[in-house]
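Since chain A is already given, all that's left is putting chains B and C on it; use the hints.
If you want the building blocks of each chain, they are given just below.
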Amino acid sequence: MHPHPWPMGRMNRRDFLRRSAGAAVALPGAAAILAACTKPGQTSRTSIEERLLANPARPDHPVTLPLYQDPISPSTPIEKGATLQIYNWADYLWPRLFREFEDKFSKYDVKVSLTTFNDIDGGVAKLSAGQVAPDVFFPDPSELTKLVVSKLLQPLQHDLLPNLAANYWSEFQNPFYDQQWRYTVPYTVYTTGIAYRRDHIPDSKIQSMSNPYEILWDPEYKGRVTIYDDRRETMSMALMKNGIKDVNTGDPKLIDMAKDDVLKLIDATNAQLTINGVYVKMAEDVYWVGSSWSGDVVAAAIYYLPKGVSPDVLGFWYPSDGGGVIGNDLMVIPSSANSPRLAHEFVNFMLDKTNSFANFENWNGYQTPMNSINPSALVPKVIPPSLEEAVVVPKFFDTGSFILGVSPSVDALYSQAWDEIKAGG
Amino acid sequence: MGSEAATAVPKARRRAGEGGGARISGVLYPRWYWPSFAGPATIWLVLLFVLPFYVVFAVAFGTSDLFGNALPVYQPWYWSGSTFTAILDRFYGGDAFYQPALVRTLVYVPAASLLCLILGYGVAYYVARHSGRRKGLYLVLLISPFWISYLMRIYAWQGLLQPDGLINRILTQLHVISSPVSWLQGRPTTVVLGLVYGYIPYMILPLFGFLDRIDQNLLEAGRDLGAGPFKTFVRVTLPLSRQAILAGMVIVALPMFGDYFTNDLLGSTKTSMYGNLIDNALSLPGGSPQAASLVLMLLVLLIVPLLYYLRSTKRAQEAL
Amino acid sequence: MSQASISVRQAWWRNPWRKPRFLQALTWGYLAWSIMPVLIAVAFSFNAGRSRSAWQGFSFRWWVGDPTAAESLLYRPDLRTAMFQTVRLGVLTMLLAVPLGTLFAIGIDRWRGRGPGLANFTMLLSFVVPEIIVGVSLFLAFTFLLKFVTLGTTAQILGLVTYQMSYPVIVVRARLLSIGKEYEEAAMDLGAAPTQSVRRVLLPLLYPAIFASAVLVFADSIDDFITVRYLSSTASSEPLSVKIYDSARAAPPPSVNAAATFMLVVTLVAITIGFIVYRRVTRGERVEAAREFVGFQV
Chain A
1 MHPHPWPMGR
11 MNRRDFLRRS
21 AGAAVALPGA
31 AAILAACTKP
41 GQTSRTSIEE
51 RLLANPARPD
61 HPVTLPLYQD
71 PISPSTPIEK
81 GATLQIYNWA
91 DYLWPRLFRE
101 FEDKFSKYDV
111 KVSLTTFNDI
121 DGGVAKLSAG
131 QVAPDVFFPD
141 PSELTKLVVS
151 KLLQPLQHDL
161 LPNLAANYWS
171 EFQNPFYDQQ
181 WRYTVPYTVY
191 TTGIAYRRDH
201 IPDSKIQSMS
211 NPYEILWDPE
221 YKGRVTIYDD
231 RRETMSMALM
241 KNGIKDVNTG
251 DPKLIDMAKD
261 DVLKLIDATN
271 AQLTINGVYV
281 KMAEDVYWVG
291 SSWSGDVVAA
301 AIYYLPKGVS
311 PDVLGFWYPS
321 DGGGVIGNDL
331 MVIPSSANSP
341 RLAHEFVNFM
351 LDKTNSFANF
361 ENWNGYQTPM
371 NSINPSALVP
381 KVIPPSLEEA
391 VVVPKFFDTG
401 SFILGVSPSV
411 DALYSQAWDE
421 IKAGG
Chain B
1 MGSEAATAVP
11 KARRRAGEGG
21 GARISGVLYP
31 RWYWPSFAGP
41 ATIWLVLLFV
51 LPFYVVFAVA
61 FGTSDLFGNA
71 LPVYQPWYWS
81 GSTFTAILDR
91 FYGGDAFYQP
101 ALVRTLVYVP
111 AASLLCLILG
121 YGVAYYVARH
131 SGRRKGLYLV
141 LLISPFWISY
151 LMRIYAWQGL
161 LQPDGLINRI
171 LTQLHVISSP
181 VSWLQGRPTT
191 VVLGLVYGYI
201 PYMILPLFGF
211 LDRIDQNLLE
221 AGRDLGAGPF
231 KTFVRVTLPL
241 SRQAILAGMV
251 IVALPMFGDY
261 FTNDLLGSTK
271 TSMYGNLIDN
281 ALSLPGGSPQ
291 AASLVLMLLV
301 LLIVPLLYYL
311 RSTKRAQEAL
Chain C
1 MSQASISVRQ
11 AWWRNPWRKP
21 RFLQALTWGY
31 LAWSIMPVLI
41 AVAFSFNAGR
51 SRSAWQGFSF
61 RWWVGDPTAA
71 ESLLYRPDLR
81 TAMFQTVRLG
91 VLTMLLAVPL
101 GTLFAIGIDR
111 WRGRGPGLAN
121 FTMLLSFVVP
131 EIIVGVSLFL
141 AFTFLLKFVT
151 LGTTAQILGL
161 VTYQMSYPVI
171 VVRARLLSIG
181 KEYEEAAMDL
191 GAAPTQSVRR
201 VLLPLLYPAI
211 FASAVLVFAD
221 SIDDFITVRY
231 LSSTASSEPL
241 SVKIYDSARA
251 APPPSVNAAA
261 TFMLVVTLVA
271 ITIGFIVYRR
281 VTRGERVEAA
291 REFVGFQV
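Residue numbers (the working numbering), protein chains in the order written: chain A, 1 to 425; chain B, 1 to 320; chain C, 1 to 298.
Only chain A is shown next, with the shape it has when bound in the complex (with noise of 0.2 angstroms):
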């Protein structure tokens, strides 16, 4: 169990002192005039902040994120009556799960409601524009340090949560994109591969290319091919294909580069921008080929084939040396939730063992870092043995490439690749 790790002592410090300088510039009348003099939008920032957004967390630098506020006390009721706000991307989490959670939390009388996002920037978008209030929120890495200095997120009462510990991989263990476990728990890894019909491109065609990646440009497929609609996903599948492993770089050429070749890919293919483009229609034999989180391929084969269609249909390819782009999703607190104890069970609740593991086998496919989940014994008992490569396993996490925070000038770089990759050549 962990005690907080957090020093109380530091955060009142610091609160004291912001308050002293506070008093003594705001003397009344002065500060008005102030306000009226400085231009509007220039508003002061520690330093912290901006070292944080500036030099964002890599596996090498790991990061102890500033906290604004205590974690809510564990002694905290539960809240009755409630309705938790659950904001997550859509078809992630399996329906049955919230009922589950309603009947556990029966006598509190809880509801849940689910609120989807069709990507992770909207989803952000949303979230920082006070659109949506949730209770809890999935993101990724990329897009936490920003999320939590702009004190959108609150840190995590470990009391609360003792399925954590318990269960996650060492990898996972103090991760270092958030020191401590402050404000994240991991909810589910993944690779990004190549997702295929087999029943169109045989395996060998894909396993003698001595760059897979360009099978996306093959105008062979034109038509059939999905790409994702997501700015850092889809930008780091054109650097990978370019053997740029660093899909986090800030080199405007390289950016620009990538950028050209999805343009390029779209021409040659008239591929499509989606987020279901494979666990939906790649299932239904509309696309043949695609970039592809890893947890799609396999949901695809576990729930969306119509029935009667062999899982053999689908493959997934995933570079042998493990050195392609992996990825974590997590589950976090945001401020604004009106529910935060509630909101601890039910991270707890995701937490679980049985309860992770339903959500993986019957219907998101994708898989949990937990110790209970031996990865080489789920093929082939969840998945086809066609979709071997979709198994992630603790050695991808050293191999592989993630999509992580990037500072603010780098992120309107992708930010403008991908407008223009949008708007349409």
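Read the hints as simulated data drawn from the structure, not as lab findings.
Treat the hints with caution; some may be incorrect.
[What the hints assert, rightly or not] Facing chain C, according to a computed beta carbon distance under 7 angstroms, are these residues of chain B, among others: (1) 38; (2) 122; (3) 148; (4) 155; (5) 157; (6) 159; (7) 164; (8) 278; (9) 307.
[As the list claims (entries may be wrong)] Cβ-Cβ distance ranges computed for the label pairs, FRET-style: (10) 276/C with 96/B: 54 to 64 angstroms; (11) 208/A with 95/B: 55 to 65 angstroms; (12) 78/B with 268/A: 43 to 53 angstroms; (13) 115/C with 315/B: 15 to 25 angstroms; (14) 70/A with 69/B: 18 to 28 angstroms.
Backbone N, C-alpha and C fix where the C-beta goes; we use that ideal spot for every residue, glycine too.
Showing chains B and C alone in chain A's frame:
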């Protein structure tokens, strides 16, 4: 308002009404009486239509914080045009990557509106003049698409146009095509037809309303003077419907300029339109100033047709 | 081809009041084109499989099937919430927009001076400006300036009323111009007070127009997408149109079709009841209302 043109009120009767107007508003009613009727809606418009435009300016010409979140600036003397000019540069110049989307919009919208007009006029004309006693049935059928969500209908088209969808299956069966056509992979035809499909009811109904009220005697007079049906149509019906056509074109074309969901569901980035630029900007991190700038530019683009239309309807009203 | 058949054809061609076969075919073609997708959407709500392009047999699976799978309309609380939100937005918008617009139309019609011109211009502008402009500007306004308006149902209704108010203004004003002022004057000559003449004489004359605009506002509000999407908050404020759009980009189960079908039936029933009630209130004016409804224009 063009309705006056359409309602074709007998002039004498309207004049009489006009004469009495002074008395109604001047003598028996207190000065504040009629304005107070219009008051609530006017205040509503000022607060929720005019004021938000000011916020759009404040965001477009404002700044951003460290995280790229918009910080609107409400004092015009502090406004900065940097975002606005950066966006403008994307429409022309060396790296004008918004230009194709603008060009597409300027081609698709007129094409779709024109198709709406041709098809819509034919249908409205037929129902107004030739449907006889079944007019009511036709009307119900014309209105029927309104009762199910537009999104649902476009979404149904998505299923119909898929590689294994009904359209491809019928066309393959009839040997029109040998292998399924990927209708949904960024084909301008699909997007334009999608727009026509979505907006044409808004063209047909005003046209029908007008054509239905044309005085039969005018047409018979044309015939008596020796004009054939075609000539009667060209010389009498068409000129009379000028204002209704203009109204229909405005009602269908203007919303198309902001449409993004038709392309989202039936096209791809290859057929992105102006509306997609705005919607994309809103879901980018810190994209509000960009979206606000795009909204202002769209308004500038449309202000001439907007004002022309409002002026011509006012004229038509005065001519009555 | 025989001489006789040519002359029959010519005779048909020469007849100025002949049935225009081409236009008839065009109209039927158009109706088929416009209605077919609706029918297909309804049909696929009864599909036995998930697909919405391949028919896999008839079933009520997406309507009432299996509570544990939580995929049928009956056991998808989110779809029920979406339908409820759709109807709620439609009704509340109608209740606010129609009175506001009707009063505005009467006021503008009678009020002399410079004010009405500007107010009317703004009103018409709100009618013709593309909806995305209204939607985005309200979103920015509620996010940055009018922060006391929380996004969600309140913001959506404010937005919808702003955008829909012009319908009753246009329809009612057209009616006002066609009825003229002599009825009111007659009433006042007979000793009616100003308020009385408005309530007892003018309003009843306007009923067809008010009814028609109420139907228009309701129909357009439940179909609205752009404004309600930008002003939505969590799932409980997302009406069916937003739900359909989001589903189309994810894994759309045919229960979404079932929800849209259900809404279609509810709307048709509501309109029919409304029409019957209306006929009771204003005997003999029903043709007028139908005309008013389809004949609206700016």
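Each hint tested on the structure:
Contact between residue 38/B and chain C, as hinted, is supported at the beta carbon level, the nearest pair being about 3 angstroms apart and thus within 7 angstroms. Checking residue 122/B against chain C by beta carbon gives a least distance of about 5 angstroms; that is within 7 angstroms, so the hint holds. The interface hint given for residue 148/B holds, since its Cβ lies 5 angstroms from the closest Cβ of chain C, which is under the 7 angstroms cut-off. Restraint check, residue 155/B versus chain C: the minimum CB separation of about 5 angstroms is within 7 angstroms; hint holds.
The interface hint given for residue 157/B is met, as the beta carbon of that residue sits about 5 angstroms from the closest beta carbon of chain C, less than 7 angstroms. At its closest, the beta carbon of residue 159/B sits 4 angstroms from a beta carbon of chain C; the interface hint therefore holds under the 7 angstroms criterion. With its C-beta approaching chain C no nearer than about 5 angstroms, residue 164/B sits inside the 7 angstroms limit, and its interface hint holds. The interface hint given for residue 278/B holds, since its Cβ lies 6 angstroms from the closest Cβ of chain C, which is under the 7 angstroms cut-off.
For residue 307/B, the shortest C-beta to C-beta distance to chain C is roughly 9 angstroms, which exceeds 7 angstroms, and the interface hint is violated. Distance hint for residue 276/C and residue 96/B: a CB-CB separation of about 58 angstroms, consistent with the stated range 54 to 64 angstroms. About 39 angstroms separates the C-beta atoms of residue 208/A and residue 95/B, a value inconsistent with the hinted range of 55 to 65 angstroms. Distance hint check for residue 78/B and residue 268/A: the Cβ-Cβ separation is about 47 angstroms, which falls inside the suggested range of 43 to 53 angstroms.
The supplied range of 15 to 25 angstroms is met by residue 115/C and residue 315/B, whose beta-carbon atoms lie about 21 angstroms from each other. Evaluation of the 18 to 28 angstroms hint for residue 70/A and residue 69/B yields a pass: the beta carbon distance comes to about 25 angstroms.
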